[in-house]
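Undergrad: This is what each chain is made of:
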Amino acid sequence: MFAFIFRRVALIVPTFFGVTLLAFALIRLIPGDPVENLSGERGMDPERRLRLLHQFGLDQPLYTQYFDYIGNVLKGDLGTSLTTHEPVLTEFLTLFPATFELAFFALIFAVCVGLPAGILAAIKRNTVADYAVMGVSLTGYSMPIFWWALLLILLFSVQLGWTPVSGRLAVQFDVPATTGFMLIDTLRSGEPGAFRSALSHLILPTIALGTIPLAVIARMTRSSMLEVLREDYVRTARAKGLPQLQVVLVHALRNALIPVITVIGLQVGLLLSGAILTETIFSWPGIGNWLIHGVQSRDYPVVQGGILLIATIVISVNLIVDLLYGVINPRIRHA
Amino acid sequence: MPETTHAMVLESPSAPPGPWQEFWLSFSRSRGAMIGLGLVVALLLLAVFAEVVAPHPPNEQYRESFLTPPAWAEGGSMRFILGTDPVGRDILSRIIFGTRLSLLIGLISVVISLSLGVVLGLVAGYFRGLTETVIMRMMDVMLALPSLLLAIAVVAILGPGLANAMYAIAIVLLPHYVRLARAAVIGEAGKEYVASSRIAGAGTLRIMFNTILPNCTAPLIVQATLGFSTAILDAAALGFLGLGAQPPTPEWGSMLASALEFIQRAPWVVTFPGLAILITVLAFNLMGDGLRDALDPKLKR
Numbered sequence: 000m001f002a003f004i005f006r007r008v009a010l011i012v013p014t015f016f017g018v019t020l021l022a023f024a025l026i027r028l029i030p031g032d033p034v035e036n037l038s039g040e041r042g043m044d045p046e047r048r049l050r051l052l053h054q055f056g057l058d059q060p061l062y063t064q065y066f067d068y069i070g071n072v073l074k075g076d077l078g079t080s081l082t083t084h085e086p087v088l089t090e091f092l093t094l095f096p097a098t099f100e101l102a103f104f105a106l107i108f109a110v111c112v113g114l115p116a117g118i119l120a121a122i123k124r125n126t127v128a129d130y131a132v133m134g135v136s137l138t139g140y141s142m143p144i145f146w147w148a149l150l151l152i153l154l155f156s157v158q159l160g161w162t163p164v165s166g167r168l169a170v171q172f173d174v175p176a177t178t179g180f181m182l183i184d185t186l187r188s189g190e191p192g193a194f195r196s197a198l199s200h201l202i203l204p205t206i207a208l209g210t211i212p213l214a215v216i217a218r219m220t221r222s223s224m225l226e227v228l229r230e231d232y233v234r235t236a237r238a239k240g241l242p243q244l245q246v247v248l249v250h251a252l253r254n255a256l257i258p259v260i261t262v263i264g265l266q267v268g269l270l271l272s273g274a275i276l277t278e279t280i281f282s283w284p285g286i287g288n289w290l291i292h293g294v295q296s297r298d299y300p301v302v303q304g305g306i307l308l309i310a311t312i313v314i315s316v317n318l319i320v321d322l323l324y325g326v327i328n329p330r331i332r333h334a
Numbered sequence: 000m001p002e003t004t005h006a007m008v009l010e011s012p013s014a015p016p017g018p019w020q021e022f023w024l025s026f027s028r029s030r031g032a033m034i035g036l037g038l039v040v041a042l043l044l045l046a047v048f049a050e051v052v053a054p055h056p057p058n059e060q061y062r063e064s065f066l067t068p069p070a071w072a073e074g075g076s077m078r079f080i081l082g083t084d085p086v087g088r089d090i091l092s093r094i095i096f097g098t099r100l101s102l103l104i105g106l107i108s109v110v111i112s113l114s115l116g117v118v119l120g121l122v123a124g125y126f127r128g129l130t131e132t133v134i135m136r137m138m139d140v141m142l143a144l145p146s147l148l149l150a151i152a153v154v155a156i157l158g159p160g161l162a163n164a165m166y167a168i169a170i171v172l173l174p175h176y177v178r179l180a181r182a183a184v185i186g187e188a189g190k191e192y193v194a195s196s197r198i199a200g201a202g203t204l205r206i207m208f209n210t211i212l213p214n215c216t217a218p219l220i221v222q223a224t225l226g227f228s229t230a231i232l233d234a235a236a237l238g239f240l241g242l243g244a245q246p247p248t249p250e251w252g253s254m255l256a257s258a259l260e261f262i263q264r265a266p267w268v269v270t271f272p273g274l275a276i277l278i279t280v281l282a283f284n285l286m287g288d289g290l291r292d293a294l295d296p297k298l299k300r
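Chains A and B, in that order, are what the protein sequence lines are. Letter by letter, the first sequence follows residues 0 to 334 in numbering that gives the first Met the number 0. Letter by letter, the second sequence follows residues 0 to 300 in numbering that gives the first Met the number 0.
Check the hints yourself; a few may be wrong.
Stated by the list, open to error - Partial chain A-side listing against chain B, Cβ under 10 angstroms, derived:
hint, residue
1, L28
2, V174
3, T177
4, F180
5, L182
6, I183
7, L186
8, G264
9, V267
10, L270
11, I280
12, I291
13, I309
Please keep in mind that the hints were generated in silico from the structure rather than gathered at the bench. We treat Cβ as the ideally placed atom computed from N, Cα and C, and that holds for glycine.
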C-alpha cells in the first residue's frame, strides 16, 4: 500500500511543475509585457519602464525568473491583483468557500438523483423508465448549462417567484463571514430567516451546476450496474431466493459502485468549469466569477494564480480518488 | 457495372457482410444513432443552404419591429417566426446562420486537434522513452485544468475572438486524441503485420502512418464525433462569456449573452439560441454513442 501511495504521489510532481510552467508562461506569452499593461493607453517614458522592469525582476534571464516565481509560489506568494491590490492568495481564499459550497451541493444533488436513477434504469432495462432516465440524462449531458441556468431563472424566479434571481443572501441580512460558508454563517448568526434566504439562493445554482454531473453519474451507474447484474454471483444470490431489492442494493451495488466513485471524483474538474458559468449567471461571488473578471480586466496575476490554484485542487482531488480507488479495489494497488 | 455487383453481394446469402455493411447494420440498429445522424445531416443542409433557407439576412436590423414575439405568441407575426432581438434582427435567420458557424467551429477545432493529436500520439507510442514521457506529461498538465478554464487561459493569451476560440478549443481537445492514438499504437506496434511490413523494408514514417494508423481509426472517429459536441458547447460558452465570437456575429452563445438584459421582457431571445445549441450537441452525442457501439467490437452483442 505504501509503495502504491508513493508511486501515485511521485507521478503528480512533474504534473504540478508543468502547471507552474504553464501559469508562468501565461503572463509572458501575452502580447506586451506586464509593465506595458500597467502603463495603460498613455504609455510610459523608457527610463521609468526600465526601472519598473527591474523592480518586477523582468530584466532577469527567464530561468532566474522562473525559479524566483517557484520560490514565491512555494512561500504562498502568488502576486498582487492589479485591480484590487490585494494578494491573489487572500482573494482566492476569501472567495473559495462560496464556490466550494456551490460545487459541494451540486455534487450531492447529482449523486442523490443520479445514482438511484441509474440503478432504476438498469433494473428496468428496456422499459419506459429506462428510456426516460437515459433520454433525460443524455439531454442533461448535452445541456449548455448557462442556458439551462437562464431557463431555471425564467421559470422559478421570474414566472413563479419561488427563488431569488442572483447572489447568495438577501440584502437585508448582514451576516458576519466567519467561515465563508453561507449556510453555516447564517445558522450561527441566529438571524431569523437568514438561513432560509441562503438556502433559497443556493437551490437554482445547485441544480444548474449539478445537471451535467448528474447525467454522467446516471449513465455510468446504469452501465456498471448492468455489467454486474450479469455476473454469476448475482445469479447465485437470486437463486438462493434473496429478495430482488437485497440482491440489487447489497450484492450488485457494492461492486457496481467502484467505477461510479471514480467518475464522481472526475467531476471536480467539470464542476469547476461549470462553476465559472454558473457563478457568472447567478452573480455568485466565487472564484469562477473572480477569474472571469480577471480575464476581462486583464488582471494577469489573478488569472495566473487562479489557474495554478484550481489546477492544484483538481490534481489533489484526482490523487485522492486514485488512492481511494486503490483502497476499494486491491487489483489496482498491485498493478 | 459496379451497381450490379453490389446488388448481387447483397442478395447472395452466403457472402459475409463487408466491413462497411457490418458497421452500417450495427449502426442503423440503434434508434438513437439514427436520430443523431438525421439531425446532423439536417443541420449540415441548413448550414450549407443558409442563404436560401433563412427568411432574412442575419444582420439586417428592422428598427420598427424590435423584440417582436414569436409567431404563435400574442403580437407575433409570420414575418418573424421566432421573433426578433433587441435591435430588430430576425432570430430564426440568425440561428440558421449560427448553425454554419457552430459546425465550422466544431470542424476546424476537431481537425486541428485530431491531426496534431494523432501525430503526437503516434510519435509517443512509436518511439517510447523520453519522447513519450515528455509528450504525455504535457498532456497530463493540460488535463489537470478544467476544460473551460484552459480555453479561457488560451483566450487570455491570444485575445478574444472566434478564430482564437477555435484554437483554444483545439488545445482543450488535444490530450484526448494524443492518449487514444498512443494507446492504439502501443497495442498495434507489436503485432505481426507491423513486423512483416518492417522486414519488407518500410520506413518509419510509412509504418507509422500507412501501416499502423489505419488500424487505430475506430476510437479516433468516435472521439472526433464527441469532440464536435464539446467544441460546440465550449465555443458557445466562450461566446456567452464574451471571449469567443464578437457581436454582431450570429454565434449562438454570444446571441444569448447580448440578449441577457431582456430576458424578463422577451424570453424568446434567450430560449431559441440555447435550444439550437442543445439540439446540435445532442445530435453529435447520439451519433457518437451509436458509432462507439458499432465500432467497438467489445460491446457488440
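Undergrad: Taking the hints in turn, state whether each one holds.
TA: Outcome of the hint check:
Checking L28 of chain A against chain B: minimum C-beta separation of about 5 angstroms stays under 10 angstroms; hint holds. Against a cut-off of 10 angstroms between C-beta atoms, the interface hint on V174 of chain A is violated, since the closest Cβ of chain B lies about 28 angstroms away. Residue-level restraint check for T177 of chain A is violated (minimum Cβ-Cβ distance to chain B is 29 angstroms; threshold 10 angstroms). A hinted interface residue such as F180 of chain A counts as satisfied when its beta carbon comes closer than 10 angstroms to some beta carbon of chain B; here the least separation is about 22 angstroms, so the hint is violated.
The criterion of a C-beta within 10 angstroms of any C-beta in chain B is not met by L182 of chain A, whose closest approach is roughly 24 angstroms, and the hint is violated. Interface hint status for I183 of chain A: violated, as the beta-carbon distance to the closest one in chain B is roughly 26 angstroms, over 10 angstroms. With a least beta-carbon distance of about 31 angstroms to chain B, the hint placing L186 of chain A at the interface is violated under the 10 angstroms criterion. For G264 of chain A, the shortest C-beta to C-beta distance to chain B is roughly 14 angstroms, which exceeds 10 angstroms, and the interface hint is violated.
Of the supplied interface hints, the one on V267 of chain A holds, with its beta-carbon coming within about 8 angstroms of a beta-carbon of chain B, less than 10 angstroms. Using the Cβ-Cβ criterion of 10 angstroms, the hint placing L270 of chain A at the interface with chain B is satisfied: the shortest such distance is roughly 8 angstroms. Nearest Cβ of chain B to the Cβ of I280 of chain A: about 9 angstroms, under the 10 angstroms cut. The hint holds. Interface hint status for I291 of chain A: upheld, as the beta-carbon distance to the closest one in chain B is roughly 6 angstroms, under 10 angstroms.
Taking 10 angstroms as the C-beta cut-off, the interface hint given for I309 of chain A holds, the closest approach to chain B being about 6 angstroms.
Hint violations for this structure: numbers 2, 3, 4, 5, 6, 7, 8, all remaining hints satisfied.
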